[in-house]
Amino acid sequence: MTSRATLIQIEGVSKWFGDFQVLRNVNLQVAERERIVICGPSGSGKSTLIRCINRLEEHQEGRIVFAGRELGPDATDLAQVRREIGMVFQEFNLFPHLTVLENCMLGPTRVLGMTAAEARDRALEFLNRVRIPEQAGKHPGQLSGGQQQRAAIARSLCMQPRVMLFDEPTSALDPVMIKEVLDVMNDLAESGMTMIVVTHEMGFARTVADRVAFMDEGSIVECLPPKQFFSNPSDERTKLFLSQILSH
Amino acid sequence: MPANAAARRSRPPPREVRGGRFWNRPWFEVLQFAVFVGALLGLAVSGAMRMGYNWQWYRIPAYIAEIADGELIWGPLARGLLVTLELTGWSVLLTLAIGLTAALLRLSDSFSGRILAKSYLEVVRSTPLLIQIYLFYFVLGPILGLDRFWVGVLALSVFEGAFAGEVIRAGILAVRRGQWEAGASLGLTRIELYRSVILPQAIPLMLPPLTGIVISLIRNSAIVSVIAVFDLTTEARNIIAETFLSFEIWITVAAIYLAFTVVLSAFATRLEHRVST
Ligand SMILES: Nc1ncnc2c1ncn2[C@@H]1O[C@H](COP(=O)(O)OP(=O)(O)OP(=O)(O)O)[C@@H](O)[C@H]1O
Ligand SMILES: [Mg+2]
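In order, the protein sequences belong to chains A and B. In case it helps, the working numbering puts the first sequence at residues 340 to 587. In case it helps, the working numbering puts the second sequence at residues 6 to 282.
Everything labelled a hint here was simulated from the structure, so no lab data went into it. Bear in mind the structure is a predicted one, so any value in this text is a computation, not a measurement. For glycine and all other residues, C-beta sits at the position ideal for the given N, C-alpha and C. It is possible that some hints are incorrect.
[Said to hold, decoys possible] Facing chain A, according to a computed beta carbon distance under 10 angstroms, are these residues of chain B, among others:
(1) 178
(2) 181
(3) 184
(4) 190
(5) 191
(6) 193
(7) 209
[Said to hold, decoys possible] A few chain B residues that face chain A, going by a derived Cβ cut-off under 7 angstroms, partial list only:
(8) 183
(9) 186
(10) 187
(11) 192
Here chain B stands alone, though its shape is the one from the complex (with noise of 0.2 angstroms):
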């Protein structure tokens, strides 16, 4: 029976994308961001023009990754950025299932759970990432015999899962009471609630701060460099401790951190769509 088919081609048509005034176009905000490039472009090469800074940006791509032997071999930047994917991709799955718990135990019934995170909230706000970092390295990661880059996972994910958590309890808590009543009229459990009813409602609510936080996670995943995981900072720092080539290789690593951020910000806003649709 092709109910769910038809179903589906009777949805609401999607929202029309934004249009109208040019200044509310997608190319003009794209305009408004490569006139602002450009000009901070413009602003460190006259600089650096009146530093007599020698350019050589000619060195640049054998860092990101070469050729040699007719093999392709792939430099310390292209592998922090691999190492910065790989702790961000961790940290992502990590600070979701810390934030959901967070979420669920403030909105439970239980009086010790609430406080839990509640507390955990307030702690993590209020400390600086830097120095839950470092006690995370050297106070967690020696009892729980964690390596560095497991270090920089479970940190990453602590600091953003409190975010995440106010983020989904937000979310959650927008799914109008009587949808609650509903639900618990026809029987289900807690759980069957939370995830036939609730969180379907609640998800598209929660994709665009998400996804926020998400971009957070990306650009503070750099501030594990200082407990020496080889990232694409960690990378970049050492290549300029040896070649003093620091305006290139900050520039690159960070149009590299901007286009892994872009991406992702357009990969989620098609979610989005997809979603509300």
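Bound conformation, chain A alone (with noise of 0.2 angstroms):
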């Protein structure tokens, strides 16, 4: 493997809800281009690492640097971070007043200030990339789950972000809208995006990404190669979750 800048970088990262550690000295380099899958049981505090990465959740202890500015306090860097960085989350989130289009080009009108010609030629640019150029001038509770969860991943592609983070994108839909979200997540791979994807779509691990990451109670307990995560994972609870997930 040839070696890429690194665009993230989470060293020591703990963070408590009250009492309760939600996430254990996590540690997490991810290279430009790289594709990385996190999985793990519910509560293992997935959501809440990738959510620490645009600061939607704030931790309490350890580094995360975002292409060299590290994340703290400071909101006018926050904004500027958070426009580079796409976030698509499993219950899609669109705006309901606004339609497709106008979803889509809120953020490159309002925060790169965009004119409206402009980002509605980005929008739909997008939104033929997510193949539901026909749904454009419709609102979201008009669209079926996988069309609006393909809306909002163009929604985020618009702000050519450097980075993508999904939150379990597929765990609201039904099989056939799960195909069509992974389909395009596919394209998105293969067009060179960086990606952080936590899902428990193992056959989407296996052929897209570079690092499978397993979480368990707060901490990632192991970070590897699909090939070898899944076929030689070396920590018991990973072959355990690894048993309970692939046997149905």
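Each of the two chains sits in its own frame; use the hints to bring them together as a complex.
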């Protein structure tokens, strides 16, 4: 493997919700163009970890450095960092009062200062990429779940982020729609996007991920290339998890 | 590119107007109300007759408007209504501004901001409006050099602003957390987030209770007559002091307030329909 520039550096990160420790001394480095899949049992802290990367959650110990900038309480820097990090949620979180096209144009016009015409061109380009150009004029409530999630991906892509974070993007969908969304994510990976994906879609992990991380009780138990991860995990907890998730 | 027009056309059709059972129909509500008003009037008339009250309705129109020398001259009731309208209009604007500020302060990260907004609400909620008006008139008015009218506007707005603040806060909190997170993830600043994402979703939720606040503002505007602002109620009291036409004048004044609030409710209902579709 050729060595690439580090984009995200997570060093010794810990976080508590009150007395409850959600993250325990987490270390992870993500290189430019790298694709990481994070899996693990419910409540192991996967969502919390990726939400710390764009600071929807604040960590209390350790360092998170994105593209050379350490995340801290400085608010002006935060907006700058967030526009470079795309985030896709399990529940889509499209803006229901705007059309799909307007959802995609909001960031470029309000944050990047593009004109409406430029933003519209860009939005249509990405809606095309996620294969729902014909839905541009509709409101999110009129779309299927799979279409909504692809619209949400397009909305993030319109910001031309340097990394895309996905928090269980297919967990709220039925199988046909899961495939639609995974196809789009495959394309995205092929285009060279840096991606961190929390998912239990092991097929996706196997084919797309450069490394698969397994989390349990707030720590990353192991983080290996998929071949090794699936054939030869070292930790008992990983083996148990894999046997459970691959058995059905 | 007509995407916008297409978008508007493809929005879901407006909710059907309430229908079905006859007691749910708007006309039935109007009928109910008419019966209620009729009964009340009947009661007043029969009571007045027993008292031997000398009805002089023919004198009332002149207090609203009369034509002298071919010119329309507005009477004291019309002038009073105009002052009430003005008073209410300014108060609505100021109430919304105060309410929005209070709501945003209570939702802010600033500890002192939250304490300030919360104490404002508690103080306003637990003192009578009449006392607040006197406080503004005798204490704040002289200090700030405000005339009666603006003291009235300020007192009403500070009072109703506290309730408007609660309505606005509730509306903002009703927007799902994921919306905040999605907006923040795009890199929107807090102000942009409110403007483009949160308020457009919260305002339709706030409209019905805010209409209630505006109506209560109209009603409470009568109380500023205690500081002798020449509003509808003050004019009415002055006329009665001179003429003793108390039944006719109070019934007329009540009808004017009623007409005012009914028109406003109708307007608000149409607005809600437009916003929610
Ligand atoms: N805002 C919060 N306040 C308190 N506890 C929280 C909060 N958010 C998450 N938690 C707790 O932190 C733990 C980790 O949550 P997290 O959502 O990161 O888990 P997860 O691995 O994403 O799980 P899932 O697979 O169910 O999404 C859970 O036990 C959860 O109950
Ligand atoms: Mg989760």
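Hint validation: residue 191/B versus chain A, beta carbon distance must be below 10 angstroms. Holds or violated? It holds, given that the least Cβ distance between residue 191/B and chain A is near 4 angstroms, below 10 angstroms.
Is the interface hint satisfied for residue 178/B? The criterion is a beta-carbon contact with chain A at less than 10 angstroms. violated (17 angstroms)
Agreement of hint residue 192/B with chain A interface, Cβ distance less than 7 angstroms: holds (3 angstroms)
Under the criterion of a CB-CB separation shorter than 10 angstroms, is residue 190/B in contact with chain A as hinted? Result: holds, 4 angstroms to nearest chain A Cβ.
Chain A contact restraint on residue 183/B - CB to CB distance below 7 angstroms: holds (4 angstroms)
Have a go at the residue 181/B hint: is there a Cβ in chain A nearer than 10 angstroms to its own Cβ? This hint holds: residue 181/B lies near chain A, its Cβ roughly 8 angstroms from the closest one there, short of 10 angstroms.
With chain A as the partner, please determine if residue 186/B meets the hint condition of a C-beta pair closer than 7 angstroms. Hint holds; residue 186/B Cβ to chain A Cβ min 5 angstroms, cut 7 angstroms.
Holds or violated: residue 193/B as interface residue toward chain A, Cβ cutoff 10 angstroms? holds (6 angstroms)
Interface hint status, residue 209/B versus chain A (Cβ within 10 angstroms): holds (9 angstroms)
Should the interface hint for residue 184/B be scored as holding, given a Cβ-Cβ cut-off of 10 angstroms against chain A? Holds, about 6 angstroms.
Does the interface hint hold: is residue 187/B within less than 7 angstroms of chain A, judged Cβ to Cβ? With a closest approach of 4 angstroms, the residue 187/B hint holds.
Taken one by one, the earlier hints fail for this structure only at number 1.
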